[in-house]
Every structure is written in structure tokens, then in C-alpha cells.
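In order, the protein sequence lines correspond to chains A and B.
The first sequence begins at 53 in the working numbering and counts up one residue at a time.
The second sequence begins at 53 in the working numbering and counts up one residue at a time.
No wet-lab data here; the hints were simulated from the structure.
Where hints are given, some of them may not hold.
Each pair may be met inside one copy or between any two copies, as identical chains are not told apart.
Mimicking BS3-like on lysine-lysine, the simulated pairs with C-alpha atoms at most 27 Å apart in a straight line are [to be verified]:
#1 448 to 142
#2 384 to 142
#3 323 to 305
#4 55 to 448
#5 323 to 447
Number of protein chains: 2
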Amino acid sequence: MAKEFSFSITSRLSGAHARTGVISTPHGKIETPAFIPVGTQATLKALTPEQLAAVGAQAVLANAYHLYLRPGSEIIDAAGGLNAFMNWKKPTFTDSGGFQVMSLGVGFKKVIDMNGTTDEKPLAKKDKLAWIDNDGVTFKSHLDGSRHRFNPEVSMRIQHELGADIIFSFDELTTLHHTYEYQVESLRERTHPWAVRSLEAHAKLTESRADKPYQALYGVIQGANYEDLRRESARFLGNMDFDGYGLGGALTKENIGEIVGWMADELPEDKPRHMLGISEPDDIFACIENGADTFDCVSPARVGRNGALYLPTGRVNVTNRKYREQFEPLMKECDCYTCQNYTAAYLHHLFRAGEMLASTLATIHNQRFIVRLVDDIRESIQDGTFYDFKNDFLKKYYKK
Amino acid sequence: MAKEFSFSITSRLSGAHARTGVISTPHGKIETPAFIPVGTQATLKALTPEQLAAVGAQAVLANAYHLYLRPGSEIIDAAGGLNAFMNWKKPTFTDSGGFQVMSLGVGFKKVIDMNGTTDEKPLAKKDKLAWIDNDGVTFKSHLDGSRHRFNPEVSMRIQHELGADIIFSFDELTTLHHTYEYQVESLRERTHPWAVRSLEAHAKLTESRADKPYQALYGVIQGANYEDLRRESARFLGNMDFDGYGLGGALTKENIGEIVGWMADELPEDKPRHMLGISEPDDIFACIENGADTFDCVSPARVGRNGALYLPTGRVNVTNRKYREQFEPLMKECDCYTCQNYTAAYLHHLFRAGEMLASTLATIHNQRFIVRLVDDIRESIQDGTFYDFKNDFLKKYYKK
Numbered sequence: 053m054a055k056e057f058s059f060s061i062t063s064r065l066s067g068a069h070a071r072t073g074v075i076s077t078p079h080g081k082i083e084t085p086a087f088i089p090v091g092t093q094a095t096l097k098a099l100t101p102e103q104l105a106a107v108g109a110q111a112v113l114a115n116a117y118h119l120y121l122r123p124g125s126e127i128i129d130a131a132g133g134l135n136a137f138m139n140w141k142k143p144t145f146t147d148s149g150g151f152q153v154m155s156l157g158v159g160f161k162k163v164i165d166m167n168g169t170t171d172e173k174p175l176a177k178k179d180k181l182a183w184i185d186n187d188g189v190t191f192k193s194h195l196d197g198s199r200h201r202f203n204p205e206v207s208m209r210i211q212h213e214l215g216a217d218i219i220f221s222f223d224e225l226t227t228l229h230h231t232y233e234y235q236v237e238s239l240r241e242r243t244h245p246w247a248v249r250s251l252e253a254h255a256k257l258t259e260s261r262a263d264k265p266y267q268a269l270y271g272v273i274q275g276a277n278y279e280d281l282r283r284e285s286a287r288f289l290g291n292m293d294f295d296g297y298g299l300g301g302a303l304t305k306e307n308i309g310e311i312v313g314w315m316a317d318e319l320p321e322d323k324p325r326h327m328l329g330i331s332e333p334d335d336i337f338a339c340i341e342n343g344a345d346t347f348d349c350v351s352p353a354r355v356g357r358n359g360a361l362y363l364p365t366g367r368v369n370v371t372n373r374k375y376r377e378q379f380e381p382l383m384k385e386c387d388c389y390t391c392q393n394y395t396a397a398y399l400h401h402l403f404r405a406g407e408m409l410a411s412t413l414a415t416i417h418n419q420r421f422i423v424r425l426v427d428d429i430r431e432s433i434q435d436g437t438f439y440d441f442k443n444d445f446l447k448k449y450y451k452k
Numbered sequence: 053m054a055k056e057f058s059f060s061i062t063s064r065l066s067g068a069h070a071r072t073g074v075i076s077t078p079h080g081k082i083e084t085p086a087f088i089p090v091g092t093q094a095t096l097k098a099l100t101p102e103q104l105a106a107v108g109a110q111a112v113l114a115n116a117y118h119l120y121l122r123p124g125s126e127i128i129d130a131a132g133g134l135n136a137f138m139n140w141k142k143p144t145f146t147d148s149g150g151f152q153v154m155s156l157g158v159g160f161k162k163v164i165d166m167n168g169t170t171d172e173k174p175l176a177k178k179d180k181l182a183w184i185d186n187d188g189v190t191f192k193s194h195l196d197g198s199r200h201r202f203n204p205e206v207s208m209r210i211q212h213e214l215g216a217d218i219i220f221s222f223d224e225l226t227t228l229h230h231t232y233e234y235q236v237e238s239l240r241e242r243t244h245p246w247a248v249r250s251l252e253a254h255a256k257l258t259e260s261r262a263d264k265p266y267q268a269l270y271g272v273i274q275g276a277n278y279e280d281l282r283r284e285s286a287r288f289l290g291n292m293d294f295d296g297y298g299l300g301g302a303l304t305k306e307n308i309g310e311i312v313g314w315m316a317d318e319l320p321e322d323k324p325r326h327m328l329g330i331s332e333p334d335d336i337f338a339c340i341e342n343g344a345d346t347f348d349c350v351s352p353a354r355v356g357r358n359g360a361l362y363l364p365t366g367r368v369n370v371t372n373r374k375y376r377e378q379f380e381p382l383m384k385e386c387d388c389y390t391c392q393n394y395t396a397a398y399l400h401h402l403f404r405a406g407e408m409l410a411s412t413l414a415t416i417h418n419q420r421f422i423v424r425l426v427d428d429i430r431e432s433i434q435d436g437t438f439y440d441f442k443n444d445f446l447k448k449y450y451k452k
């Protein structure tokens, strides 16, 4: 099948890497910069697809690791792919599974490497949940402890069965606690060779499944917070025939924009760049300014389900007693369904009563807040008002 | 304010008490017979009001006991009443709180009477959660154990603060395990005098809150499964100036239709009759045939949240492995959002993965199934095909 994927740049911010553009996929277009909500298990948790579309979401990202374990990628393939399975009509992304396999963030909150160390201390052998070698990773399921193996070929097969419009190469997740020597080894012995193997496996699968819509493959750049490694990784992958790039792994918040800028310096300008797992407003501004086009993150929905809602003046907790009798919307100027139809007092009641609708209404507000923020940033780049918008927003939000 | 409440009968089933009609309230009309979904805590749990309206629900019923404890009826009054608070545009009902106060069904699953006995055995004094006397009931909150007192005047005040279109008199809940002597005493010493006091308190509140929309008061008939008591109760309350009647309390499933018929024999024909807490298809047919107009019940939503879904051939559990690869709707001929947009395999996945959307999609299907069943019964009365429809439906559903 012909490559039904393209990226066109529609405007640029002078003197910076920031740009606006349009990504075209078999399931439609994404105007960038864009925030992409996460639907880990092929569902948006408290929202129907229609409710998520109504907040302005242009695409969703699902997790290969979770869907491989349950219901199984072969089930989703048989259902006609991720879009059909979950009734989502717009573009989809899946990640490679590498992050979850190695961090097992959901089940265990542990980061494990070849030496069996966590962020804090060496891990006892019996506690290890993943074993990394230069071919791939063996890991235990967080659901039932059963053993599985992912490598670039397996990740590509799973992601082809899931059938998302945009998929990612299999990479090794490192952390800021790893030594420089480990980062070098990880990049050169695993992440880069795995990117080569991902691209090869992807090419074969694209050919053998030629009846399916084209899936774009993004190469994932690593290198932690080291300038030489980030540039090396961006150059290495930038010279390969990926459709776009994932900017992954460990990043220091203090200079996240600078790190993105190093990669943008080296990457081909005409390919889209996706920031994995970022949604804090200051990070979003910094990353876009330095060349990031799309973002995904579970955070807006996750904190919303816990009652933390975004306001222009920062995040607040609606379970706070002061909202008990606030008989007006949480954020009067917000155009979301929640703020248009419910008071803060009602949200407060739903959270206090432990009601499911609390999660739905809070998720709608938070997703809308972040989607709209990135939409407004896009407009400010087109208008040439990016810096004013950024300064105004961040001053109010962080009260600095 | 003028009585913005009326009931007009539009057709009758010859030779039976069954009829179709229209109830008019300040928030709109209800075509009867109708099934009224329950929104206990001023929310429909997994559904937004728009999603519930889309299944065809014509009204919702909320619980005075729960809303009195949390957020407090004064909060809902200050918010502009139940409709405004929960963003529901159609008619609303509240129950009197009597059922919950005495059964404390949600928190404790115990039925308590003046003698401190449960369905199974006498209750130790320290375990008692409600103390009934001829004036009212003192009870402990299921939330924090704090003590509260309900009587007819308190229930009316709470229900006026909640502001539903249709409210119920305060009554005593008895069970089938109570003696005949206890049922007589309960009816004559409490339920009937409490109905008189409810009506008086309601009249005063209607006058003192004349700026609010008119609230219709239904008198609740008790008498368990005793014909003489049911007839006595229906005659006693039927002679009073209630806007309609609630058919409550303990009923034997074997002759539920007969019991409803006794009450319908005695009640004024021109006032609507509401069955409290009934939703099983065979019970619905029996009650409508014998003169019931509306029904409420938590069951369709509650069993749905546990994965039990209604089919024309009976209820099934979608978590069953046989649905794992059923890549078609659970019920092909169903017009609900769930069956129109999702496969049984997807529902199966959502339940197995413990996802919130499972509850939303299952609730939509089950509420639609029961709402549509009662709508179809209404049509069959109008068409004169009630008995054929009843026989066909029940034969398929119960496989008899």
C-alpha cells in the first residue's frame, strides 16, 4: 500500500525550532503542535470516544505492552485493528512496549537495567522483573507473573497487529541515575541496533500486510541529558528512513527545552517529532519552542481522576471544602462540557461521594485544558505571539 | 404556585387495570407506563445525563436519605434544586428516605424493625442502626455512624429542599418476615398517621415555598402480602388528597400482580401509581397488567456494572470467555449506543481489564433494554396486543 503518511510545515517561529504543521495519516490529519491523550488499554477510561473527540483531541495513544498482555494483539488484529476495536475514528499511536517492559511503571514502579539496579539500590535477583540483553528483554507480566520476551521484531509484530497509524521503534529505557558509560553502551549496543532491526521488521510487515492501511514508524532517540549522546542518537536515527521521531527517555526538567533543541538541531526538519510522556504546561512550552510537534501523557486524566483540576492559576483540588458551596463552574471561562454544565459544588459532591461521574467530568475538563493550551500555542506560533502568550500563561499558572 | 401536575389516561387494556397515560410535571411529561432509572446520589453513576436521556429515560429518581447525608439537602436547595444540581432537564422523583433509613440496604444489608430483628435473627442491641417509634425513626449514618432522626415532617422538608417533581410520603418499611400483628400495627400506628402528617407538612411547605415549582406528593401504600391490609391501606390513602400513589414494601414475587391488583381495585383510577424498586421483566409485565404506571429500580445499572447484560433470551455475563472473540454486537437488533458501536469482544476486554468504560457501556445497554421493554409494553396496550407481546417476550426470556 502507498505511504498514506505525510508531514507538512505550515509556519515557523523565527529564531527557534518551533513550527506548526499537519500530519496526515490513514485515519485523518493532526494539526501540530498537538496534545495526544493516552488510552492505555484501548479505552479512554472515564470517557467515550465521542467525549474525547469533543474536548478536541485529534488522536489517541495506546500501549503495546498492555494490549499484548490483554486482550492480546491478535484479538485486536482480528477485530480490525485498534480504531475499529475501540470505536475511535481519528488517528492512533501505539508505543513500542519498551518503556512499560523496562519500567513496569504501572505494576511495580521500579526501573530495572542490565545490572539489576533500581533508582535507589541494587535489586535482589528474585525481585527482578526484567532481564535486558543485547537482543531484547525478558520480563514478567504485571498481571500474572508469566514470562514473556520483547525484542524489536516482536514489538513490530505486536504494533502491526494493533494497527495504529503511528508506531515507535523498540528502544531501551535508561534513567538519569545510570552512569555515562551505561548510557553509551545502551545507545550503541541496544537502542541504535534495535532501531535498525525495527525498521527492517517494519518494512517486511508492511509488505506482508499490504492490505492494511500504512503505519508510520517513528525512531526513538535516547541519550538521557547528555548533549553528545542526544546529538549522536538524533544524527544516527535522523539518517535512517523513519517517518518521524520519538524523543524519549530520561530528561532533566531544568533544561528539557535545551535537550529537545539538541535533537532538533540534528534531525531532518521535515519529519514530525513526538515527545513521549510530557504534559506539564512549562514543559510543553519549552519543548514546542525547541521543535517538538506532538505530546502524549496519562497525567491530565490521571490527576483528574484524583480530583486535581487545571485552572489558569494552577492546579487545584476540587475535593477541598471551599468548593462545597461554589455554585458556579470551576473555571467560568472554560468551554468544556463540565464547566458549561456543572458547578464546582457538584464536582465536589461527586468526588466526596466516590461517584464515577466525578472521573468523567474531571477528565473532560483536564483533557480540554491541555488540548486547548497546545491549540492556543499553535495559534500563537502562526500569529507570531508565541513569546507573549508563553510569558503571560506561565506567570499566571506558576504565580512567578 | 398553581398545581403544575396532572395525569391523563390515554388508553386502557380491556378487562384489566392496565392503562397508558401522560404525567405532566414542571420539568416535562412522562408517558406511562415508564421505567424510571435511579440516580441515588444525584448522579447516574457511569452515565452523563445526556447518555441517560439517549437511552430514552423520561425521568430519574434520587434518594433523599443519601442526599440528606451528603452533600446535604440544603446544598441542593441552594444550588437551585436537584435538576439544576445534577444537570438533568427532565422530571425527577425522590423517595422519602424511609426505605434506606430502615433497611440501610446500601451499607449494611440489614432490615431492622421495632423489635430489633433482622430477616434471619434478633439483632444484638449494639448492632442496631435504627430505632423506630410512632413519631419517626432515629438512625445511624452509614457514612460515619452519626445519629440522625427522620419523621414525616423532616422527610418532607428534605424532599422540598431537594425539589423533585414527584416526592413520596414517609412510611415504615416492613418485611415478609414480620408477623401479621406487626404489619397491622405498623400500618395503623405509623404508615397511615405518617401519611396524614406528610400531606400536612407538604401543604405548608408548598405554601411557604410558593416561588418554587409545584411538587407532587405520592402517598405510599403498605400492607405486605396481606390482601385485607393492602386494600385497607389503598382505601385509607386513596381517600386522601395525594397526587399519586407509591406501591411499596414487601411483596411476594409469586403473586406480585395480584397484590398490585388489590390496590388498584381500591385506588382512585385517575391518579398515577408508582412501583418502588421493581425491574425484573416478569414483574414489570405483572404489575403493569394490574395497574402500575411507573417503576424505578437500581438493578439494571447495578447488574450491568458487574457485567450482567440483558438479552431477549435472558441475562448473560459478558465476562464469560465465549465473548472474547465475538466480533459483533452483544445484541445485534439492539438500538442502544453500545450495541450500535461496540462488539461483545470489546465489552469483554473492558470488563476483564477493569476499565470504567465497561460500566458506562453496560449501563447504557441495560437501561435501554428495560426502558424500551416498558415502552414496548405501552405500545402493546395502545395496540391491543399486550397479551401476545407478554407471552412472546416471557417465553423467550425465561425459556419456559
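Taking the hints in turn, this is what the structure says about them:
1. 448 to 142: neither (33 Å within a copy, 40 Å between copies)
2. 384 to 142: between (29 Å within a copy, 25 Å between copies)
3. 323 to 305: Result: close within a single copy only, 25 Å intra versus 68 Å inter.
4. 55 to 448: Neither way: residue 55 and residue 448 sit 44 Å apart in one copy and 52 Å across, limit 27 Å.
5. 323 to 447: Answer is neither: 32 Å inside a copy and 63 Å across each miss the 27 Å cutoff.
Of the numbered hints given earlier, the model fails hints 1, 4, 5; all others are met.
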